[in-house]
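Asker: Chain A is already provided as a structure; the job is to place chain B on it using the hints.
One-letter residues, chain by chain:
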Amino acid sequence: MSQEEIVDALLAFIGRNGAGDDEFEALALRLFAYQFKHNAPYRRFAQQRGRTPLTVRRWRDIPAVPIKAFKDLTLSCRPPDEAVRVFMTSGTTGSGRGRSYHPTLAVYDASMLAGFAARIMRGREAIRMGILFPDEAALPNSSLAHYLALAAERFGTPASAVFVGPAGLDLPALLAALGEAEASGAPYALLGATYAFVPVLDALREQGRRFALPPGSFLFETGGFKGQSREIEPEAFYDGLSEAFGVPRESCLNMYGMTELSTQFYDDGNAVCPPVKSGPHWIRSRVVDPLTGADLPEGEPGVLVHHDLAHFNSVSAILTEDAGVIVPGGFRLLGRVEGSASRGCSVAVAEFLAAAQG
Amino acid sequence: MSAVEQAGHLPDFLSGAVGYRIVEHRAWGETVAVALPELTADQATALCGHVRARARDTLRRMETARIVAAIDRASACLLDRGYPLRRRAEALLPVVTGYDRETVRLGLTSYLKTFRKPQLLRFLAEDFSNPGMLDGFQPAAKGGLVRARGPDLLLHVWAGNVPALPLWSLVSGLLVKAGTVGKLASAEPLTAGWFAGLIAEADPELGACLAITWWKGGAGGAEAAYLGQADCVMAYGGNETLAALRARVPVTTRFLPHGHRIGFAMVAREALDSRRAGPLARHAAHDVVRYEQQGCYAPQMLFVERGGAVAPDEFARHLAHELAALATRHPRRRLDAGEASAIAAWRSGHEMRALETEERSGGATLLGDPADPWSVVLLDGPAPLSPSGLNRSLAVVAVDDLAEVPALVAPHRAYLQTAGIAAAPERLLTLADDLAGIGVTRISAIGRMTAPEAGWHHDGRFSLLDLVTVTEIEASAEAAAEGFAPYAD
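From first to last, the protein sequence lines stand for chains A and B.
The numbers in the working numbering rise by one with no breaks, and the one at position 96 of the first sequence is 96.
The numbers in the working numbering rise by one with no breaks, and the one at position 60 of the second sequence is 60.
Simulated from the structure, these hints should not be mistaken for lab results.
The C-beta atom is built at its ideal place from N, Cα and C for all residues, glycine as well.
Accuracy of the hints is not assured; some may be wrong.
Claimed, not checked - Quick list of the computed label-pair ranges, beta carbon to beta carbon:
#: 1; chain 1: B; residue 1: D273; chain 2: A; residue 2: T52; range: 37 to 47 Å
#: 2; chain 1: A; residue 1: R78; chain 2: B; residue 2: A407; range: 51 to 61 Å
#: 3; chain 1: B; residue 1: N239; chain 2: A; residue 2: L54; range: 44 to 54 Å
#: 4; chain 1: B; residue 1: K113; chain 2: A; residue 2: L353; range: 32 to 42 Å
#: 5; chain 1: A; residue 1: D239; chain 2: B; residue 2: A219; range: 23 to 33 Å
#: 6; chain 1: B; residue 1: I438; chain 2: A; residue 2: V272; range: 39 to 49 Å
#: 7; chain 1: B; residue 1: D369; chain 2: A; residue 2: V327; range: 29 to 39 Å
#: 8; chain 1: A; residue 1: V327; chain 2: B; residue 2: R461; range: 45 to 55 Å
#: 9; chain 1: B; residue 1: G217; chain 2: A; residue 2: R78; range: 48 to 58 Å
#: 10; chain 1: B; residue 1: A17; chain 2: A; residue 2: T292; range: 44 to 54 Å
#: 11; chain 1: B; residue 1: T430; chain 2: A; residue 2: R78; range: 50 to 60 Å
#: 12; chain 1: B; residue 1: G381; chain 2: A; residue 2: L54; range: 31 to 41 Å
#: 13; chain 1: B; residue 1: I438; chain 2: A; residue 2: D239; range: 48 to 58 Å
#: 14; chain 1: A; residue 1: P234; chain 2: B; residue 2: G278; range: 47 to 57 Å
Same shape as in the complex, but just chain A (with noise of 0.2 Å):
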């Protein structure tokens, strides 16, 4: 099969709404049997396993490439130079970095506009949206600064604007931005990484200013924290988000993405934490123990594997370092599964690494 015919055959499966398990079964099977031709390293990977698309039957039974792979490998069906684009994680390395390789934009596009339309907008045509993340031409290689120049491109109105620069945030405009939806009454949505928020949270407490945007407005937050401002738990976040913009809790919105899926979960708001997650038809999690792979009974806590079919061209099998637990409509996400340290005076990866980088 080749890339023109997987990317047809994954177009019209994205458009096809309701398809069902034997579908999503069948265009797995067939973009396994494609990566193992094309992809070298997760062909050897899968070997190791004793999994080929002669002894593969079921999707589960596909080998998920764990996501340290992605920084250690180059797991590309295409030549990497033949891509149009390369999305890497914000590694603070630069051999350290995740990458994945896109020969086209097509599938991840129509994927994120799809997921994007259906879980986000609801229904609505367009909103008038402010962005708290870099731009594409800061960040070309982040994924997250093409999602959301596809989103205010395809969803925002012409009122949209972006607020981080390369000076940083640009806080006198967001306010002036908020001010205005706050006395038009029409929707606003602000979105960005869940970080960017922390910095405009302190400045309104500092200046004890609060907003009350009109009803139909969102926020929409992604990535956690990362180091990059102080941790909040999730229900002190939350509360100061509803507090300080006037959008209700189940306004709040949570991307779950990453650099090595070409597709998102969402959920239906942060309410309740943590919230249940899902995401379209051509993705599907599973939760396994780390250690063998396997499935565990739905209900248990394990670490979760997601099955992007919209990966194509990368491997579309993934073992995350994320801890969930599958629920009815979805799955809960349970934080990060961490190596522990040593239980006695050992020393464990983790300080042995913090060593030798200093």
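Answerer: Chain B in isolation, oriented as in the chain A frame:
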């Protein structure tokens, strides 16, 4: 759930007045609740004052031999498998620490054996040419007289779940007559208190110079009181913990940190014939299984020399076989998600590196299934020292010559401690010389890595000498005094 086990050892004047924090431990299908004493800042100050005063009034005047006798009696009780407290230790420690019963039983015995009278005397003789200087002034080799004194108040901050490990520093402090306050390790909060209680039974006066308690680290309050009053602080833990603690210790207080360490082993080609390789692999497996590599002396990497009758890959298979066999007798406890992830990350890290290159040489081979309660990865070429995923995971590194190994481990000097070596005598000494140069402080036989001998020098330090200050009467004072004697001419 059984009754709550009271941890620690506190003087009578505090009994009934102290708050407790109840912590539950679960393993092997059982639960043990432990009550950790938690003093207020005022109580902590009073405790430190009490211990310091008792130490000054009684401990300072005690002969070292009397202290040795009390420690010897306490050890004898815990070595007696019929003794009620020993039975309790064998029942509770597996649940609290997660180690299997056999490991706990064998480990307790092996530790306590090193605290009998002959071993304690050896311990003293290791550090003092004349241990009598702890009891009074003794002639110094250079002339004059010298005596050694431990700190008036020594504070121990213990960490980790290796059973009875705190006894090393507890005993060291007592041998130099230090008034002692110990902070229990949350992961093994029982043995130190039991041992203190036994010492108090054997010698109530000595027991009164000793208190074992607990406090929440980094929370100010009582911690500040303890740290402010101690003359010397001996602390265990990771670098982050130690750095935070050091920042809170007054600059005039001696601070003796023992950070986390990594162990490794080396097998020379002469040890790799068909007769010796099997038993050697069994010994190595014991070092790995004992305390699940949580102890700082446990091997996390094994360097195996090529050129012997048994090749490194064959040795790795022997080792895997022995680990599988030991898993039946000493089952690994159920790992939590973090521990399982550490092993998974370690395995997949090696797997990924192997996938980077098409050719298998220079690569990594994972032995066993991810579901096995052990993991061995065979690395086909020299690899720098790095930690494993712990809990019975280990890399076997094939090298052409063991002489390459010091360079592979040298970058991690700050973390080195124990190396297990199987090699002929001459090579043992040559290798030991190189290893000493890069910071290795203990070399043992493979199979004895997790059982340091009596009187060992933890992290290469003099456990007793580090604690004392000496007072010297110089020869001039001694000679001058003669001039003032009533019998002076």
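Asker: I want to verify a distance hint. Is the separation of the beta carbons of V327 of chain A and R461 of chain B within 45 to 55 Å?
Answerer: About 53 Å separates the Cβ atoms of V327 of chain A and R461 of chain B, which means 45 to 55 Å holds.
Asker: A range of 44 to 54 Å was offered for this pair. Does it hold for the Cβ distance of A17 of chain B and T292 of chain A?
Answerer: 51 Å, holds
Asker: Indicate whether the distance between the beta carbons of D239 of chain A and A219 of chain B respects the range 23 to 33 Å.
Answerer: 26 Å, holds
Asker: Between the beta carbons of D273 of chain B and T52 of chain A, is the distance compatible with 37 to 47 Å?
Answerer: With a Cβ separation near 41 Å, D273 of chain B and T52 of chain A satisfy 37 to 47 Å, so the hint holds.
Asker: Okay, G381 of chain B versus L54 of chain A on CB: inside 31 to 41 Å?
Answerer: Holds: the Cβ-Cβ distance is about 33 Å, inside 31 to 41 Å.
Asker: Please check whether G217 of chain B and R78 of chain A have a Cβ separation lying inside 48 to 58 Å.
Answerer: Taking Cβ atoms as reference, G217 of chain B and R78 of chain A lie about 53 Å apart, which means the hint holds.
Asker: Between N239 of chain B and L54 of chain A, is the Cβ distance one that fits in 44 to 54 Å?
Answerer: For L54 of chain A against N239 of chain B, whose Cβ atoms are near 50 Å apart, the range 44 to 54 Å holds.
Asker: Confirm or reject the claim that I438 of chain B and V272 of chain A have a C-beta distance inside 39 to 49 Å.
Answerer: Given a distance of about 55 Å, which is not inside 39 to 49 Å, the answer is violated.
Asker: Go ahead and decide if the range 29 to 39 Å is satisfied by the Cβ distance of D369 of chain B to V327 of chain A.
Answerer: This hint holds: roughly 30 Å between Cβ atoms.
Asker: Could you see if the CB distance from I438 of chain B to D239 of chain A stays within 48 to 58 Å?
Answerer: 54 Å, holds
Asker: Just to be sure I understand the hint, the distance between the Cβ atoms of K113 of chain B and L353 of chain A should be within 32 to 42 Å; is that true here?
Answerer: 37 Å, holds
Asker: With 51 to 61 Å as the target window, see if R78 of chain A and A407 of chain B comply at their CB atoms.
Answerer: 41 Å, violated
Going down the numbered hints, you'll see the structure goes against 2, 6, while the others check out.
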